[in-house]
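Novice: Model the full structure from these sequences, guided by the hints.
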Amino acid sequence: MDAILLQILNGLDKGGAYALIALGLTLAFGTLGVVNFAHGALFMLGAFCAVTFNKLLSLEQVILDPIKKTAWGTPLEIRSPYIEAWLGDFGALLVDYSVPVSILVTIPIMLLVGVIMERGLIRHFYNRPHADQILVTFGLAIVLQEIIKHYFGANPIPQTAPSIVSGSANVGLWLGLGENLVYPWWRLVYFAFSAVVIFGVFAFLKFTTFGMVVRAGMFDRQTVGLLGINIQKKFTIVFGLAAVVAGVAGAMYTPILPPDYHIGMDFLVLSFVVVVVGGMGSLGGAVTAGFLLGMLQSFSSMNEIKSIFPGIDQIIIYLVAVVILLTMPRGLMGRKGVMED
Amino acid sequence: MSNSKNEISRRKVIKTSAAAMAAIGAGPVFFSRGAIAGSHGGYCNAPTGKTVTLGFNVPQTGAYADEGADELRAYKLAVKHLNGEGDGGMLNTFKPSVLKGNGVLGKKVAFVTGDTQTKSDAARASAKRMIEKDKAVMITGGSSSGVAIAVQSLCQEAGVIFMAGLTHSNDTTGKDKRANGFRHFFNTYMSGAALGPVLEKEYGKERRAYHLTADYTWGWSQEKSMKDFTEALGWQTAKTVLTPVGAGDFSQYITPVLNSGADVLILNHYGKDMVNSLSQAVQFGLRDKQVNGKNFEIVVPLFSRLMAQGAGEAIKGILGSTNWNWQLKDPASAAFVKSFGAEYGAPPSMAAHTCYVQTLLYANAAEMAGTFSPEGIAKSLEGFKFDGMGNGPTEYRAEDHQCFKDVLVVRGNQNPTSQFDLLEVVEVTPRAQVEYDAAIFGGNLGSVNAKAC
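Protein sequence lines correspond, in order, to chains A and B.
Read in order, the letters of the first sequence are residues 768 to 1108 in the working numbering.
Read in order, the letters of the second sequence are residues 1470 to 1922 in the working numbering.
Calculated from the structure, these hints are not laboratory results.
Among these hints, one or two may not hold up.
As the list claims (entries may be wrong) - Below, computed lysine to any residue pairings styled on SDA-like, alpha-carbon distance capped at 20 Å:
1. K1758/B x I931/A
2. K836/A x D1799/B
3. K1763/B x D1799/B
Specialist: In structure tokens:
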């Protein structure tokens, strides 16, 4: 029972990450009609916003020890963080909470990155074949990766969750199942965070005039244009929004997976599978498929399952994708006529 | 309804994406069979001018790029020292040595580099390019056993010497050994042999171990060694689970550990996988757990300082083994650290150490033999006993071209005094304790290939 509950929690937490990335991806599909292979790089940039924020907060004053020397003969460096010297305990608290606080800087940065990316590059490829879009966005992803690697190195850079949520929650005690069922606090926080972001995006598109226009544009861009609405401008903002969703997903993921320059690519292929399984351009489909595939991946990793189907954890997502596409060619929630020739 | 001029067909997207990913995944394979360029001197790439060219094949991109960068720094420092520049580093401590700091056999040492990308096909392609185009007389490097074995095999076919860098699988000098290949680095057997007694001392004889293992040659080799040595102590193996290389999120593999009844988790992972799996195991509260009335423990059989940096706080107190550590106090280690630190502002990693040592050993073997011929080099290195390279008295065993020396058991430092002070040496395991019969891992060394190419 404990093992099953753990895999459910695991699936929800994985699914949250997949859904967040796929949500941004499908927003870009649905509005601009662009196959954005740089979406994983946006996730990675968000993660490095958190890393950079932490590095800035952790900047240290370096004083050279007049007596002690390093093993190679240079004076020993004595380091002390500026922020703690300036702000005392509040400075230390800020460093401790650097990952969640970094969201405040990640949002404007990613919005700017998204808008610049769309205006500066993507819009020139709207009328070009999809292969061109894939090549240019994939190329962009590689450029962004290499820039990050140049400045931050190839090794993962660990980020810590705030100390108050750095341990494990005793989920078993909450559910009256004993003390053995524990789950990392930060993963629960991440799941809650992804639920809030997903709900926020849906609410934004559902309950605001801006969202209504965007949804109308996704459904029939030409008619919305004929009504005198500059749908292109709104879609640019939506692309920025997609970048923000990917970015904050990346920033909050850093305590779970120490980020390196390649972290976005690790998620990219899976996210495309999620989008296709969910139904091209369907926001609800992306979220549903994200959680479904996260859950399947989690359960297929159980030793009991793998003893019957060795290696199933490696192929389950693709296997299910094949089955779904064979039986439901438009994916789980794809609508007839949308994004079809 | 078709609703815009920018519309996308799902089928088109899938097809184009698949084609793009396949094209990218294929990587650069430009291998021209039988195209190894000819040269004179009776052996491949015999140097004819005033220089001798060495080929440094390290990961310059990809997951091990930082490790590769450190290896390359060490190679460049070795070349500098061989050519009589700098403070000489270990040239001053290496014994017996005929190196004089005036190049090798009167020739100035030059080098070319290749990028292995930590992929066997890319590593073979870059090694082949260095042999064919750049006329490298020796190839060295690698940060992965899969890559090292692939390149070693290529060097055997091409007729050049391969001085392995960081490769830890038993197979490199076991079932996949080749007469043209030599390894200074230790292996998974030695890690197990060194760690076993320390694990017994620290954690007792009654333990149940759960293994998470990287699913490739090094992981299998490491798991088997750890399993053999811990079971010999009386430990039980609760479960062994293979994990895909580069899995990223290991949570689905860690959650089954929680209720498995195991009280030790052995992470047979290296590099990024180790950083991720260890960090996540700690997040899941494994180190705060009590199982079978004992504290739950995590063991990482192969450590490096660069990895410890990536794992951050999670590494503190974790036991593992390493080939060398910059904090060793012997004169040879001190000389190398001083030289490397002065040049680059940071101490060398264990990967840098083994690469530096291998370059000096090759050069000394050439001087001893009076030739760069693979036959001469092999003859000099086989059974060669030396000291003053940071590992105490060491021997290149003739039977399998594996170096035998002391092995370090280390622990993640609880109270680091600097950003580099991440590992503390728990025990220096004497060479006799990690030695084994060359026959146990099978394989056939064959004969040295010294044909003209």
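Novice: Confirm or reject each hint.
Specialist: A quick look at each hint next to the structure:
Annotation: proposed proximity of K1758/B to I931/A holds, straight-line Cα distance about 18 Å (limit 20 Å). For the given pair, K836/A sits about 18 Å from D1799/B by alpha-carbon distance, which is consistent with the 20 Å threshold. Distance restraint check for K1763/B and D1799/B: the Cα-Cα separation of roughly 38 Å exceeds the 20 Å cut-off, and the hinted pair is therefore not satisfied.
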